[in-house]
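Chemist: Here are the chains, one letter per residue:
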Amino acid sequence: MTHSQPPLKQTPLHATHLGHKARMVPFGGWDMPVEYSGITDEHMAVRTRAGLFDVSHMGEIEIAGADALAAVQKFSSNDASRLAVGQIHYSALTTPQGTFVDDLLVYRMADDHFLLVVNASNIEKDYAWIRSQVEEFADAPAVNNSQRYALLALQGPLAAEVLQTLTAVDLAAIKYYWFENGEIAGVRGMISRTGYTGEDGFEVFVPPAQAPHVWQAILQAGASAGVVPAGLGARDTLRLEASMRLFGNDMDETTTVLEAGLGWIVGWKKETFNGADVLRAQKAGGVERTLVGLEMIDRAIARHGYPVIVDGQAVGTVTSGTQTPFLKKAIAMAYVPTAVAQPDRQVHVEVRGRLAAARIVPMPFYKRPRS
Amino acid sequence: MYPADLKYTKDHEWIRATADTADVGITDYAQQQLGDVVFVELPQVGRVLAQGEVFGTIESVKAVSELFSPVAGEVVAVNDALTSAPEQVNSDPHGAWIIRVRPSNPSDLDSLLDAAAYTQHVG
Numbered sequence: 001m002t003h004s005q006p007p008l009k010q011t012p013l014h015a016t017h018l019g020h021k022a023r024m025v026p027f028g029g030w031d032m033p034v035e036y037s038g039i040t041d042e043h044m045a046v047r048t049r050a051g052l053f054d055v056s057h058m059g060e061i062e063i064a065g066a067d068a069l070a071a072v073q074k075f076s077s078n079d080a081s082r083l084a085v086g087q088i089h090y091s092a093l094t095t096p097q098g099t100f101v102d103d104l105l106v107y108r109m110a111d112d113h114f115l116l117v118v119n120a121s122n123i124e125k126d127y128a129w130i131r132s133q134v135e136e137f138a139d140a141p142a143v144n145n146s147q148r149y150a151l152l153a154l155q156g157p158l159a160a161e162v163l164q165t166l167t168a169v170d171l172a173a174i175k176y177y178w179f180e181n182g183e184i185a186g187v188r189g190m191i192s193r194t195g196y197t198g199e200d201g202f203e204v205f206v207p208p209a210q211a212p213h214v215w216q217a218i219l220q221a222g223a224s225a226g227v228v229p230a231g232l233g234a235r236d237t238l239r240l241e242a243s244m245r246l247f248g249n250d251m252d253e254t255t256t257v258l259e260a261g262l263g264w265i266v267g268w269k270k271e272t273f274n275g276a277d278v279l280r281a282q283k284a285g286g287v288e289r290t291l292v293g294l295e296m297i298d299r300a301i302a303r304h305g306y307p308v309i310v311d312g313q314a315v316g317t318v319t320s321g322t323q324t325p326f327l328k329k330a331i332a333m334a335y336v337p338t339a340v341a342q343p344d345r346q347v348h349v350e351v352r353g354r355l356a357a358a359r360i361v362p363m364p365f366y367k368r369p370r371s
Numbered sequence: 001m002y003p004a005d006l007k008y009t010k011d012h013e014w015i016r017a018t019a020d021t022a023d024v025g026i027t028d029y030a031q032q033q034l035g036d037v038v039f040v041e042l043p044q045v046g047r048v049l050a051q052g053e054v055f056g057t058i059e060s061v062k063a064v065s066e067l068f069s070p071v072a073g074e075v076v077a078v079n080d081a082l083t084s085a086p087e088q089v090n091s092d093p094h095g096a097w098i099i100r101v102r103p104s105n106p107s108d109l110d111s112l113l114d115a116a117a118y119t120q121h122v123g
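Chains as they are written, first to last, in the numbering used here: chain A, 1 to 371; chain B, 1 to 123.
If you're looking for bench data, these hints aren't it; they were derived computationally from the structure.
Incorrect hints may appear among the rest.
[As the list claims (entries may be wrong)] 25 Å max Cα-Cα, derived SDA-like pairs, lysine to any residue:
no., chain 1, residue 1, chain 2, residue 2
1, A, 328, B, 64
2, A, 329, A, 341
3, B, 62, A, 283
4, B, 62, A, 252
5, B, 62, A, 31
6, A, 283, A, 311
7, A, 21, B, 88
[To be verified] Covered stretches of chain B (in silico footprint by chain A; criterion: 3 or more residues with CB under 8 Å from a CB of chain A, positions within the stretch not fixed):
no., segment
8, 8-15
9, 61-67
No experiment lies behind these values; they were computed from the predicted model shown.
For glycine and all other residues, C-beta sits at the position ideal for the given N, C-alpha and C.
Please work from the sequences and hints to get the whole structure.
Modeler: And the structure:
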């Protein structure tokens, strides 16, 4: 018996990845490179030099119109009125229960024009959700423009130096979580100082047809500095070291923004937004469970779904875990009852039937040194 | 690529038999599929395994995989060096043995793939 499955989508850089002999895997409906030279190599390259990621599978939804700000204020937890034109923030698309439809970046392109960058596997769901949320507004049309953008991420301590050789935009003048329009390797695009690795870096939006040219130009410009292509495997270990949440692992439609430890992306001063009542009640009364960092004491890797054990009882669940190439420790994130969430407290993780000791540690696990 | 003095399983273990013991490891194909190996969980010496029984696990950054014994027999030694240097499985897959067994039924070896058949299996 065979099941017909929709064919995997390909980014504009698909042929380029095959040319690099990347190992390709299905991810969120896309055929994506998981690694080129190896997760550890690529991870270390990003921490010590720079790595180039194809993140064109991410979605771009745009809202432009007189009511765009009011619409974004309703469906996004953070306070978009605080964004200047050219500024970006991290936020959540919240349900009325204060849980996650998705997490996203909100770019303020103009006073009444926002670009939302959403997770690849959620593009259709988010687009349908956003359209249902903007119906009440007379002038806030939402458009799924994911096909119009290829997205490359150059991440690492040498990212600015390498990218500067390809653009007249003064990269030093772009602050963290701001963006500029300009040419990159002769291609019109947009450069934001954002990323998902814990390093300094940039995400570059370009037209899909020009993406392979820009990709090659960045790799050539960075060759002598040791810039390498990096895949989804390293992206996951890097973001976990930096304690950045992954939708579907660390939060989803069953976990609230506060439980995920993301109170800082809630615009408490806003009059209202989806889920405001639940989140305000949780803020006042406290959450019953919370996302914590774990460092393994015993030699074992805690992985997504493994139970967290306290006094012989399963009290929580690991959401993400790995052996980190840079810190050289096994780390994880897990939901545990708030009463358990004390620094240095010892817990156990059930690793395939065996109990492995772990301790609760502050997040982020890794924070880049800043000069 | 795949040494001719080894026998192979379809689960990507190899076994190198000597007079009365045999070393077991995972193949180059297996280590490539796993990626960077970070843990090898070894069995107790003295454990008696059936052919095909799980004797341990191997973890890479991205995945966990079970290890199956190619033959029935007793574990007479484990490669403790892999505890501190699991990456040897990646750098020298056909040299980095994981367990040494004393096969209880030498004819088990006849049921395994030779290098040519294994090459075809992973091809």
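Chemist: Run every hint past the structure and note whether it holds.
Modeler: Right, here's what the structure says about each hint:
1. 328/A to 64/B: holds, 18 Å
2. 329/A to 341/A: holds, 20 Å
3. 62/B to 283/A: The given pair, whose Cα atoms are some 36 Å apart, is violated under the 25 Å limit.
4. 62/B to 252/A: holds, 22 Å
5. 62/B to 31/A: Status holds; Cα separation ~17 Å.
6. 283/A to 311/A: violated, 28 Å
7. 21/A to 88/B: Satisfied, since the Cα-Cα distance of roughly 23 Å is no more than 25 Å.
8. 8-15: Violated, because only 0 residues of the segment 8-15 of chain B bring their Cβ atoms closer than 8 Å to Cβ atoms of chain A.
9. 61-67: With 3 residues in contact (Cβ-Cβ under 8 Å with chain A), the coverage given for the segment 61-67 of chain B holds.
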